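Enquirer: Letter by letter, the chains look like this.
Number of protein chains: 4
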Amino acid sequence: MSRIILRNCPHRVLQVSLRRNANVRGFAAAAATSFDWEDPLLAKTLLTEEEVAVGETAERYCQERLLPRVLQAYRDEDYDSKILREMGELGLLGATIQGYGCAGVSTVAGGLITRAVERVDSGYRSGMSVQSSLVMGGIHEFGSAELKERLLPGMARGEILGAFGLTEPNHGSDPGSMETVARRHPQKTGVYLLSGAKTWITNSPIADVLLVWAKLEETGKIRGFVVERKDCPAGTLETPAIKNKNGLRASITGMIQLDNCPVREENMFPEVEGLKGPFSCLNSARYGIALGTMGALEDCIARARTYALERKQFKGNPLAKYQLVQKKLADAVTDATYGTLAAIQVGRLKDEGKATPEMISLIKRQNCDKALHNARVLQEIFGGNAVSDEYGIGRHVANLYVTQTYEGQSDIHSLILGRAITGVQAFA
Amino acid sequence: MSRIILRNCPHRVLQVSLRRNANVRGFAAAAATSFDWEDPLLAKTLLTEEEVAVGETAERYCQERLLPRVLQAYRDEDYDSKILREMGELGLLGATIQGYGCAGVSTVAGGLITRAVERVDSGYRSGMSVQSSLVMGGIHEFGSAELKERLLPGMARGEILGAFGLTEPNHGSDPGSMETVARRHPQKTGVYLLSGAKTWITNSPIADVLLVWAKLEETGKIRGFVVERKDCPAGTLETPAIKNKNGLRASITGMIQLDNCPVREENMFPEVEGLKGPFSCLNSARYGIALGTMGALEDCIARARTYALERKQFKGNPLAKYQLVQKKLADAVTDATYGTLAAIQVGRLKDEGKATPEMISLIKRQNCDKALHNARVLQEIFGGNAVSDEYGIGRHVANLYVTQTYEGQSDIHSLILGRAITGVQAFA
Amino acid sequence: MSRIILRNCPHRVLQVSLRRNANVRGFAAAAATSFDWEDPLLAKTLLTEEEVAVGETAERYCQERLLPRVLQAYRDEDYDSKILREMGELGLLGATIQGYGCAGVSTVAGGLITRAVERVDSGYRSGMSVQSSLVMGGIHEFGSAELKERLLPGMARGEILGAFGLTEPNHGSDPGSMETVARRHPQKTGVYLLSGAKTWITNSPIADVLLVWAKLEETGKIRGFVVERKDCPAGTLETPAIKNKNGLRASITGMIQLDNCPVREENMFPEVEGLKGPFSCLNSARYGIALGTMGALEDCIARARTYALERKQFKGNPLAKYQLVQKKLADAVTDATYGTLAAIQVGRLKDEGKATPEMISLIKRQNCDKALHNARVLQEIFGGNAVSDEYGIGRHVANLYVTQTYEGQSDIHSLILGRAITGVQAFA
Amino acid sequence: MSRIILRNCPHRVLQVSLRRNANVRGFAAAAATSFDWEDPLLAKTLLTEEEVAVGETAERYCQERLLPRVLQAYRDEDYDSKILREMGELGLLGATIQGYGCAGVSTVAGGLITRAVERVDSGYRSGMSVQSSLVMGGIHEFGSAELKERLLPGMARGEILGAFGLTEPNHGSDPGSMETVARRHPQKTGVYLLSGAKTWITNSPIADVLLVWAKLEETGKIRGFVVERKDCPAGTLETPAIKNKNGLRASITGMIQLDNCPVREENMFPEVEGLKGPFSCLNSARYGIALGTMGALEDCIARARTYALERKQFKGNPLAKYQLVQKKLADAVTDATYGTLAAIQVGRLKDEGKATPEMISLIKRQNCDKALHNARVLQEIFGGNAVSDEYGIGRHVANLYVTQTYEGQSDIHSLILGRAITGVQAFA
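The listed protein sequences derive, respectively, from chains A, B, C and D.
The numbering of the first sequence is numbering that gives the first Met the number 0, which starts it at 0 and goes up by one.
The numbering of the second sequence is numbering that gives the first Met the number 0, which starts it at 0 and goes up by one.
The numbering of the third sequence is numbering that gives the first Met the number 0, which starts it at 0 and goes up by one.
The numbering of the fourth sequence is numbering that gives the first Met the number 0, which starts it at 0 and goes up by one.
Hints are supplied without guarantee of correctness; some may be wrong.
Identical copies carry no separate label here, and so any pair may be met within one copy or between two of them.
To be verified - Using 27 angstroms as the maximum straight-line C-alpha spacing, the simulated DSS-like pairs for lysine-lysine come out as follows:
no. : residue 1 : residue 2
1   : K353      : K43
2   : K314      : K220
3   : K187      : K147
4   : K314      : K214
5   : K214      : K311
Since the hints were made in silico from the structure, they are not lab data.
Every value quoted in this text rests on a predicted model; they were computed, and no experiment measured them.
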């Protein structure tokens with residue numbers, strides 16, 4: 000297993016060594032002038048050398064270390080929290096952040112990491128997205144200098160684990176109606192008491208720090224609080240796991256139950272108020288999903304293609320010879336490459352300060368929708384065999400349903416786009 | 000729990016008592032002249048009184064006895080083999096067979112039973128379909144008089160359990176290429192030795208009798224053999240379970256491994272040769288699937304509708320108020336009622352001797368496709384909550400994928416229909 | 000050309016003679032036990048002998064007399080008003096009405112007539128629907144005895160032509176907001192003056208009587224007025240044609256412009272108020288559309304199938320051998336037969352008084368949507384050749400778009416259904 | 000009307016002047032950091048200054064000069080051959096060719112021209128594509144130096160009009176089976192006699208030079224011949240127009256009928272043999288279609304958005320407020336921007352010599368399919384009003400069907416892609 004650490008890696012060396020490793024997925028292998036079904040429109044020509052290297056480091060780790068774990072983890076609904084530490088060692092966490100021990104790579108490079116992870120499993124990517132984009136990203140953007148210095152380096156190493164508490168049992172698509180509240184402590188100055196419940200919180204059962212969004216009683220405005228588990232008196236913070244999930248079973252999900260949980264004022268984000276804070280975090284995470292789901296789709300394509308070539312029916316013809324199979328593959332390959340190009344473009348715009356939230360909505364919605372749709376269609380190629388979890392395709396299908404619904408359900412993003420296009424809002 | 004036995008039930012009494020039972024699903028409750036979302040085109044007006052009563056008996060059993068079991072069974076990938084005995088007590092097994100202790104009801108009534116069972120779970124319906132249509136149906140149609148007398152009454156009571164062995168590891172959509180072979184015993188007259196492997200066999204691990212299709216060595220023709228487990232010497236028959244399925248987890252699935260397994264000549268179907276035998280069995284089972292999947296879809300509709308009415312977002316509006324949600328419901332309701340009407344029509348034609356296998360292909364394909372498609376679309380209404388198995392919708396989605404692939408994968412039925420429409424075959 | 004008149008036809012004789020006529024479309028020809036791609040689920044077994052005969056009369060007329068005219072009529076955007084007279088001679092107009100010289104056949108028989116006409120062209124069917132369902136139906140249901148006696152017999156013969164004025168330039172899906180108004184004549188007792196404009200009115204330029212819906216000034220309630228052109232002073236009624244249509248070019252469409260047009264009180268429907276009146280008329284017309292569009296779809300199937308069998312590409316294989324072509328045909332055939340069965344069921348319910356408007360919405364929406372969708376998919380089989388109007392498929396595609404939008408645009412029907420399913424309205 | 004000629008235009012000046020012109024479509028107007036529904040992912044940031052200027056020149060010409068003509072031309076099925084001369088004056092013809100009086104712009108710039116033209120009408124774009132890509136491109140790539148010098152400058156000015164003869168009545172998707180033949184003249188050295196028929200040939204009735212592909216009798220190999228109408232003896236070349244088309248009515252289409260038509264050897268492409276020649280020409284044209292259809296789709300979006308904002312129904316709400324309408328717009332906008340990004344990427348690869356024909360197949364197929372699909376869905380927003388040709392949407396829908404079928408029908412491209420993905424061919 001590679002010990003190369005991203006945040007100070009000599010990329011050129013890495014790249015060469017990777018190309019020699021025949022066992023690793025041929026990420027950039029095909030000659031530029033033949034058709035490469037893994038990268039049909041040569042999206043890789045849009046990447047910098049550094050980005051290619053980051054992608055290859057991530058792909059190698061994921062294929063070598065994550066892939067062998069995922070089948071059993073998904074069966075057992077188990078998440079190995081060492082994974083985040085391993086990712087931290089490679090510099091994959093919070094990779095787009097400058098400083099604080101983070102790699103400081105481009106938005107696109109960050110997306111290539113999520114793509115590599117989600118090529119294995121959307122649950123693994125979810126665990127990483129929460130750590131990187133939602134929590135580290137949130138603290139980096141909105142936290143005080145002290146908070147950043149204190150938490151980000153450990154989070155970057157995967158030693159401090161984070162969770163992001165926005166969604167509530169009765170408020171999914173509509174977080175503005177949240178009921179979790181922060182009151183000033185009646186006695187202790189500079190302390191808030193948080194009460195309320197959050198649900199569907201990735202990593203909550205294992206998190207050391209929980210970025211919780213709550214309404215400040217005195218203003219009625221939403222504020223962000225970094226709850227540190229080690230500081231919570233018994234009975235004020237519970238994070239029970241949610242079990243028996245239909246998807247994302249290789250990630251861990253839970254609730255956050257706060258009962259007058261004390262949080263120091265220094266752990267409240269000093270300036271940001273309202274939905275701007277959580278939406279900004281979501282924006283980064285959604286970007287990672289947009290490119291990440293393309294990894295899951297590409298893995299479905301690769302698996303379906305292999306199956307179609309190996310499975311023979313009717314006079315020994317491979318399934319790949321059937322027109323109905325070829326069309327499914329052609330459609331999926333097209334959507335994967337279109338989605339990748341769009342995500343790269345938005346990544347560039349993000350780094351140039353030109354990306355709007357609606358652009359992220361657009362690629363998050365489309366890429367999740369298309370990844371899910373095509374994964375389902377490709378699953379048909381496996382016929383009844385897809386029911387066996389060994390083929391992996393059913394796992395991707397189940398996972399991708401979840402990606403379509405979280406961080407903005409698809410229809411909600413349609414209405415966000417509709418509003419941006421027409422100037423008229425249609426939510427209610 | 001009702002002890003009323005179908006094969007001699009006083010239907011009128013049953014019907015009245017059901018209507019008084021407010022806890023039971025309102026199967027036939029709505030006044031005829033208002034719009035009933037559970038039966039929008041009043042398919043029930045096409046049913047006889049007896050059929051309505053059969054349907055209600057089945058619905059009551061399924062809602063009262065199966066529904067409470069399914070969540071845990073699906074989680075644990077466990078099948079309670081008492082279920083078939085309970086169904087047997089109520090006369091639900093082999094219900095369309097005349098005599099041998101069977102109820103002798105119409106094809107449509109048989110379909111109403113599968114619909115009731117599949118409203119709870121497609122896996123439960125699969126377990127029953129194998130017993131009723133594939134094995135009992137096969138023995139009834141092709142078995143010797145002795146075999147029928149000996150096996151059918153016990154099977155009708157659910158005391159003898161059956162499995163149907165057609166699909167092989169390398170031959171799914173193309174059973175004509177099967178490799179399982181039956182050779183004459185070199186010493187014992189009137190005995191065949193079966194060798195080969197079958198896979199994805201519902202009920203095989205718990206089956207007492209296994210209807211196995213094999214090529215007779217001397218003719219190269221496919222023949223049907225009823226393998227009785229109690230008569231198989233050790234090591235000649237193994238039926239290991241297949242675990243870790245993505246769907247139909249509440250049914251039990253396994254392989255059939257035959258190693259010179261001796262079967263008496265009396266247990267070979269005397270006349271039927273080639274694929275005509277298994278295809279005839281499949282034809283009946285497929286009919287049951289066509290109406291059965293409408294039950295699963297109807298349950299998805301009912302669950303999604305309830306969720307949409309109860310879940311409030313954005314200013315307290317129920318999801319049901321959103322146009323995008325209403326369209327999903329309207330589409331699903333339409334497909335459910337169209338599929339039901341078509342299945343009833345084919346059931347009538349079947350009883351009149353006018354149904355062709357292509358008609359069954361047509362309704363099996365369409366109803367499975369539409370049940371799956373709409374279940375997935377309705378699942379979106381639940382957003383992230385669908386990931387919790389408590390809502391049931393994810394289970395239906397996963398199950399319905401399997402129904403689309405078994406007993407003729409959807410694309411294969413498309414080509415069967417294409418051939419019937421054009422006279423040209425396009426399989427290879 | 001057949002001179003047999005429907006309203007007193009000896010059906011048995013007709014039926015026999017038709018079967019001998021090899022040139023007529025094999026409406027009921029296939030033996031019951033083989034797969035008939037023109038009627039895959041044997042919907043014809045649900046018809047009475049009389050209904051079969053009515054259908055055959057209509058089919059014969061349409062194939063013999065309408066089909067030869069339609070290509071040129073569509074090119075020239077011309078409607079031959081003799082068509083309604085010809086239909087009248089055969090008893091095809093207002094056929095479901097009892098008395099007044101009408102045939103008094105079942106709702107399903109009426110639908111078989113629309114299906115026969117729309118098999119040729121949706122525009123021809125539109126012209127007939129307006130006469131039969133919207134105007135004759137409206138007068139029959141709501142008109143005074145005098146009005147019925149005076150107008151219906153001539154309309155049944157196609158000597159008096161009708162148009163139905165509901166839609167206004169600014170009020171399509173929302174007729175309740177109509178602006179056309181009826182004021183009492185300031186001097187003449189028993190006379191109303193109508194003012195306003197109606198648009199997209201089939202047959203308006205050639206109509207003798209125009210059923211116009213207007214708001215009665217004194218009550219603000221919508222009322223129905225039968226405007227007789229012959230009684231309108233110059234300048235009070237104009238009905239200019241709308242030209243350059245993209246579809247339904249073989250029907251004639253226009254506006255109705257009323258400027259203080261005097262109508263006698265006897266020509267106002269005496270009792271019905273509000274939208275109940277026009278919606279009731281639309282209900283009947285929509286039923287005809289639901290079965291009618293299945294005729295257009297069936298014609299697309301027949302044309303595409305013929306083309307696919309005759310057109311050879313790549314080594315002389317007919318297109319029909321391609322899997323992608325077979326799937327298109329299989330899908331279309333399935334939707335056609337499902338739509339037909341559903342429409343027959345609703346027709347039966349209508350005659351039994353059990354049909355609700357939502358049922359009609361359901362089949363109108365679904366059958367128009369599916370006819371249009373499949374027509375478009377089948378069009379692909381023709382490749383570039385579909386651009387030639389000689390193949391007819393492009394005409395059906397263009398027509399079917401219109402059927403999807405008129406008498407309730409598809410999305411509006413989705414919301415009508417959504418409201419019926421959930422009890423919550425989502426129109427605005 | 001701008002007289003600025005592309006091939007020597009001072010782009011910077013042009014650009015500034017355009018921005019002052021408020022009546023011209025705001026091609027590059029939006030500030031970079033707000034969401035621009037006309038360019039949601041800021042594809043324009045990928046363009047060079049020159050490309051932006053070329054696009055603006057083309058857009059201005061098309062909006063100012065073509066748009067006012069198209070409604071009547073489409074009604075009358077008439078093509079004004081002055082259009083090509085006007086385009087020639089602006090340097091829009093053969094714009095990607097270096098030398099010979101051509102502008103020598105990038106592939107993407109060439110695509111921006113087709114997009115501008117197709118924003119008005121696909122037929123106008125077809126007429127230009129034939130001239131630019133198929134004929135000028137073919138002569139430029141394969142013709143002798145003499146032929147290039149003699150023909151290209153006049154073609155670039157639009158004074159010599161071209162047509163491209165590949166498709167035959169019986170050979171559409173399979174041109175390798177063509178029947179047109181070139182025989183050596185029995186007497187005259189250096190002369191070939193061409194015989195055969197080509198159909199669906201854009202511009203053939205008005206063409207001065209016809210690039211005809213024929214099988215050379217002596218080798219059986221396909222060769223390209225530039226037939227010059229002025230040199231053809233009477234009766235050897237006929238180019239009758241095909242009328243009554245369902246789409247592309249603003250372009251002129253015809254046949255090419257050759258009866259021992261003499262062509263000098265110098266007019267035969269000297270080296271290229273087989274399908275490589277025509278496929279190379281098609282490759283360039285397909286690229287133009289891929290970006291061109293995005294223009295048509297963008298125009299549909301703009302028209303639908305305007306309609307949705309202006310049309311009020313139900314309590315005065317604009318249609319734009321309806322969720323079902325917003326989703327249609329969001330989907331279309333997404334597909335337009337994805338398709339544009341993909342086409343730009345392939346354009347860049349083409350100029351770098353990295354584009355394969357499969358890449359062109361991929362974007363041609365996807366962009367045509369999506370343009371057509373979304374145009375149809377957007378059409379629904381117009382309800383019945385779309386039937387009036389004044390709204391333009393029906394024209395785009397009809398045109399886009401044709402683009403989906405020509406230069407490789409969509410399914411054929413699916414199989415080309417399927418072959419490239421799997422290595423297995425499935426054409427027959």
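Enquirer: Does each hint fit the structure? Answer for all of them.
Expert: Evaluation of the provided hints:
Taking CA atoms no more than 27 angstroms apart as the test, K353 paired with K43 passes in both settings, with 22 angstroms inside one copy and 12 angstroms between copies. Only between protomers do K314 and K220 lie at most 27 angstroms apart by alpha-carbon distance; the minimum there is 17 angstroms, versus 69 angstroms within a single protomer. For a Cα distance limit of 27 angstroms, the shortest separation of K187 from K147 inside one copy, 24 angstroms, qualifies, whereas the shortest one across copies, 84 angstroms, does not. With identical chains, the CA atoms of K314 and K214 are at most 27 angstroms apart between copies only, with a shortest distance of 17 angstroms across copies and 67 angstroms within one.
Taking the shortest alpha-carbon separations for K214 and K311, only the inter-copy value of 20 angstroms comes in at or below 27 angstroms, while the best intra-copy value is 60 angstroms.
Hint check: no violations occur; every hint is consistent with the structure.
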